[in-house]
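A.B. asks: Listed below are the residues making up each chain.
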Amino acid sequence: MRKFTFPFWLVMVAVCVLFLFQVSGEAQSYKKRLTALEKEISQYEEDIRILEADWSYLNRPGRLSKLAARHLQLRALTAENFAAPEQIPETSGGKLPRDAVVVDKKLFFHNTAQLQGGG
Amino acid sequence: MFGRLSKIGAQKTGNERQGNRGRETFPGKIAPLGALGNEVRDRAAVVSLDGQGRVALEIARNRLILAASLIALAFSVISFRVFDLTVLQAIERHPVSATDFAKGDGGRSPRADIRDRNGVLLATSLPTFSLFAQPRKIPDAANAARRVVEVLPSLNKTDLLKKFRSNRSFVWVQRNLTPRQQYAVNRLGIPGLDFEREDRRFYPKGRAAAHVIGFTDIDGQGLSGLEKSFDDMLSKGGESLNLSIDVRIQHILSEEMQKAMEHFEAIGAAGLIMDVKTGEILASSSLPGFDANDPADASESSRFNRVSLGVYEMGSTFKALTTAMALEEGVVSLMDGYDVSEPIKAASFRIHDYRPRYQYQWLSVPEILIYSSNIGTAKMAIDLGSSLQRRYLADFGMLKPATTELGEVGRPLIPSPWREINTMTISYGHGLAVSPLQLANAFSAVVNGGIMRPATFLKRKDTASIQGRRVISESTSRKMRDLLRLVVLHGSGRNADVEGYLVGGKSGTAEKLEGDHYAGKKRISSFVASFPMNDPQYVVYVMVDEPKGQKSTYGYATGGWVAAPVVKSVISRTASLLGVTPSMAEELADEERNTMLKQARTEMEGRPVAYRP
Numbered sequence: 001m002r003k004f005t006f007p008f009w010l011v012m013v014a015v016c017v018l019f020l021f022q023v024s025g026e027a028q029s030y031k032k033r034l035t036a037l038e039k040e041i042s043q044y045e046e047d048i049r050i051l052e053a054d055w056s057y058l059n060r061p062g063r064l065s066k067l068a069a070r071h072l073q074l075r076a077l078t079a080e081n082f083a084a085p086e087q088i089p090e091t092s093g094g095k096l097p098r099d100a101v102v103v104d105k106k107l108f109f110h111n112t113a114q115l116q117g118g119g
Numbered sequence: 120m121f122g123r124l125s126k127i128g129a130q131k132t133g134n135e136r137q138g139n140r141g142r143e144t145f146p147g148k149i150a151p152l153g154a155l156g157n158e159v160r161d162r163a164a165v166v167s168l169d170g171q172g173r174v175a176l177e178i179a180r181n182r183l184i185l186a187a188s189l190i191a192l193a194f195s196v197i198s199f200r201v202f203d204l205t206v207l208q209a210i211e212r213h214p215v216s217a218t219d220f221a222k223g224d225g226g227r228s229p230r231a232d233i234r235d236r237n238g239v240l241l242a243t244s245l246p247t248f249s250l251f252a253q254p255r256k257i258p259d260a261a262n263a264a265r266r267v268v269e270v271l272p273s274l275n276k277t278d279l280l281k282k283f284r285s286n287r288s289f290v291w292v293q294r295n296l297t298p299r300q301q302y303a304v305n306r307l308g309i310p311g312l313d314f315e316r317e318d319r320r321f322y323p324k325g326r327a328a329a330h331v332i333g334f335t336d337i338d339g340q341g342l343s344g345l346e347k348s349f350d351d352m353l354s355k356g357g358e359s360l361n362l363s364i365d366v367r368i369q370h371i372l373s374e375e376m377q378k379a380m381e382h383f384e385a386i387g388a389a390g391l392i393m394d395v396k397t398g399e400i401l402a403s404s405s406l407p408g409f410d411a412n413d414p415a416d417a418s419e420s421s422r423f424n425r426v427s428l429g430v431y432e433m434g435s436t437f438k439a440l441t442t443a444m445a446l447e448e449g450v451v452s453l454m455d456g457y458d459v460s461e462p463i464k465a466a467s468f469r470i471h472d473y474r475p476r477y478q479y480q481w482l483s484v485p486e487i488l489i490y491s492s493n494i495g496t497a498k499m500a501i502d503l504g505s506s507l508q509r510r511y512l513a514d515f516g517m518l519k520p521a522t523t524e525l526g527e528v529g530r531p532l533i534p535s536p537w538r539e540i541n542t543m544t545i546s547y548g549h550g551l552a553v554s555p556l557q558l559a560n561a562f563s564a565v566v567n568g569g570i571m572r573p574a575t576f577l578k579r580k581d582t583a584s585i586q587g588r589r590v591i592s593e594s595t596s597r598k599m600r601d602l603l604r605l606v607v608l609h610g611s612g613r614n615a616d617v618e619g620y621l622v623g624g625k626s627g628t629a630e631k632l633e634g635d636h637y638a639g640k641k642r643i644s645s646f647v648a649s650f651p652m653n654d655p656q657y658v659v660y661v662m663v664d665e666p667k668g669q670k671s672t673y674g675y676a677t678g679g680w681v682a683a684p685v686v687k688s689v690i691s692r693t694a695s696l697l698g699v700t701p702s703m704a705e706e707l708a709d710e711e712r713n714t715m716l717k718q719a720r721t722e723m724e725g726r727p728v729a730y731r732p
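Quick mapping for you: the protein sequence lines, in order, are chains A and B.
In terms of our numbering, the first sequence is residues 1 to 119.
In terms of our numbering, the second sequence is residues 120 to 732.
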């Protein structure tokens, strides 16, 4: 039995050393990959920040109101555009067609038929 | 060889006592060795030593064992530690990451963003590259200077040449280059030129709330506004700073103020919108303004925050405070009044009313406010008394600079000593100079049920826990709401009324103080309003500096003509954004107030008047 103890431990040492280098190598390559990924993430985060700044710049209220005036047919909301809830017909089940408008505090819509069972 | 070592210290067996076939290396009997030593392995070989040899061997053996066990111990410690680091600790916490080094700027987080109450980006740090030179490394300074100027024409060639020829180890060439410029300079391939990544502060909304947000210097240190007040917090990076400002409301307020300023050829304007229940400031605009991206281009007057830093005599808007104080102390009731037929003569002063359309009569307390009578208000203040007036003004935050996050707050100008004449003039807003922020804050307390809450530029997350200080009672506040609504219905506030929103408020037209006298035509025209008056939610304040009468206003440039219309436009444009539902039954709400007014008027009839023509 004693004859085997020494070579046994020798082999064990060799195995451990091999294992150590193997693990170390793997860890290093993981670390490299991790650094590369984190750098990529950091770059993406920076790009996102730049894009967000750009978005905010493009959405300046002054610019938006000019564009809205040019391209949209919308007017400012005033008290005249609010009607009392009682004006909604009972038959509608609480739903209104999409083209319903309130002018002079009165509710207007075109197709009464749309009110039943959908809107 | 190994066979022999393993036998050291082993017991002798009988077989081996035979013969002396081994070589003699120690004194005493030696172990019999076979030709290859293997025969001897079959038996437990023995060495019996006597005396010194044995002792020496024992010592050597023990030392070896000791050394072996120490090494074994060391290795077991190491292997345990390896196990610990890789298995145990990895479970507990995040491994140290390489992120810090992955980021190009050496691991610093960028300066934190500033956003408005809806998350809209107001200030952010973007990466730029700054060009620097190491002159010692530049081989041909003249050539380098010439080529760099070709690519960056804004630079001065002689200065650049001087820099490149100098013996310094580091010198900035130009900071914050655009990506295109950086690419072009890089292409030149001049040794000794290099780039450093620097974050630069960018304000996407330009002029909006520029005074509030402030700006930074080239190194990212806050120089004014909230950039300065929160410099420490912002430099650490991380979560953005959320302001109470709503950039849409801000834009609308600024736009309307700008229109009025241009129409009345004024030199400046200030305005703010405040939430009366939380003290949050939704908009704060000082004109002329500036673009935070280019603060150096702006004049000092543009960068001056008229809302918080400027102090002005407010004029008649103060009458709202005086009336509130007098009602609270019970000095007067809504059914009381004063004789306003004759000016007050005190010291060398004469206090008279601006436009006495109600001559030869008494005015009730509501009417004094509606018609903005200086005489009536001064008499009310006399009955209240100096010390009470001072106490209430202190409670309303008028006697100290405003407490808010902005560093730029003006110190009120207070008369010293505070004589009876001062009490009278202060009652209608002359003799005491405060900032628009202070006035709006006090007005908030008057209409919100009587609680003074400090104005804040930060978004309040938890509105339930806001601390306030009670200045007047709930019932006095209700009375004031009615009076202020009547001012808009019947008085100088008519131009501020917006259908459906029950606007209440008070105008102010104060002659500006120049040196020791009042400059006739130079005024501060303002209007302070709140809506909806049945349950006030917001205060809107607008002030125009030195408006000039126009044809459209029949030459008038008073608060009611200049500032009230701005308040009207602002309220009609922002009310739905602010989530205020218009009242469907405005007339009903006003009926009670009108009845009260009629009653108060009747009380005044038949009273003896000081002066009759």
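Heads up, some of the hints might be wrong.
[To be verified] Non-contacting residues of chain A with respect to chain B, defined by C-beta distances greater than 10 Å in every case (computed):
1) Val17
2) Ile50
3) Trp55
4) Tyr57
5) Leu77
6) Glu90
7) Leu96
8) Phe108
9) Phe109
10) His110
[Stated by the list, open to error] Only pairs whose alpha carbons sit at most 35 Å apart, straight line, appear in this in silico DSBU-like list of lysine-lysine:
11) B:Lys464 with B:Lys667
12) B:Lys464 with A:Lys66
13) B:Lys355 with A:Lys105
14) A:Lys106 with B:Lys378
15) A:Lys105 with B:Lys717
16) B:Lys355 with A:Lys32
17) A:Lys106 with B:Lys717
18) A:Lys106 with B:Lys396
19) A:Lys39 with B:Lys347
20) B:Lys578 with A:Lys66
21) B:Lys667 with A:Lys105
22) B:Lys580 with B:Lys464
23) B:Lys396 with A:Lys105
24) B:Lys667 with A:Lys66
25) A:Lys39 with B:Lys355
What the hints contain is simulated information worked out from the structure, not anything from laboratory work.
C-beta: ideal position from N, C-alpha, C; glycine also.
A.B. asks: Take the hints in turn and mark each one as holding or not.
C.D. replies: These are the hints, each one checked on the structure:
| no. | hint | result |
| --- | --- | --- |
| 1 | Val17 | holds, 12 Å |
| 2 | Ile50 | violated, 6 Å |
| 3 | Trp55 | violated, 8 Å |
| 4 | Tyr57 | violated, 4 Å |
| 5 | Leu77 | violated, 5 Å |
| 6 | Glu90 | holds, 19 Å |
| 7 | Leu96 | holds, 18 Å |
| 8 | Phe108 | holds, 17 Å |
| 9 | Phe109 | holds, 20 Å |
| 10 | His110 | holds, 24 Å |
| 11 | B:Lys464 with B:Lys667 | holds, 31 Å |
| 12 | B:Lys464 with A:Lys66 | violated, 56 Å |
| 13 | B:Lys355 with A:Lys105 | violated, 53 Å |
| 14 | A:Lys106 with B:Lys378 | holds, 32 Å |
| 15 | A:Lys105 with B:Lys717 | holds, 30 Å |
| 16 | B:Lys355 with A:Lys32 | holds, 28 Å |
| 17 | A:Lys106 with B:Lys717 | holds, 33 Å |
| 18 | A:Lys106 with B:Lys396 | holds, 32 Å |
| 19 | A:Lys39 with B:Lys347 | holds, 31 Å |
| 20 | B:Lys578 with A:Lys66 | holds, 29 Å |
| 21 | B:Lys667 with A:Lys105 | violated, 38 Å |
| 22 | B:Lys580 with B:Lys464 | violated, 53 Å |
| 23 | B:Lys396 with A:Lys105 | holds, 29 Å |
| 24 | B:Lys667 with A:Lys66 | holds, 29 Å |
| 25 | A:Lys39 with B:Lys355 | holds, 21 Å |
Hint violations for this structure: numbers 2, 3, 4, 5, 12, 13, 21 and 22, all remaining hints satisfied.
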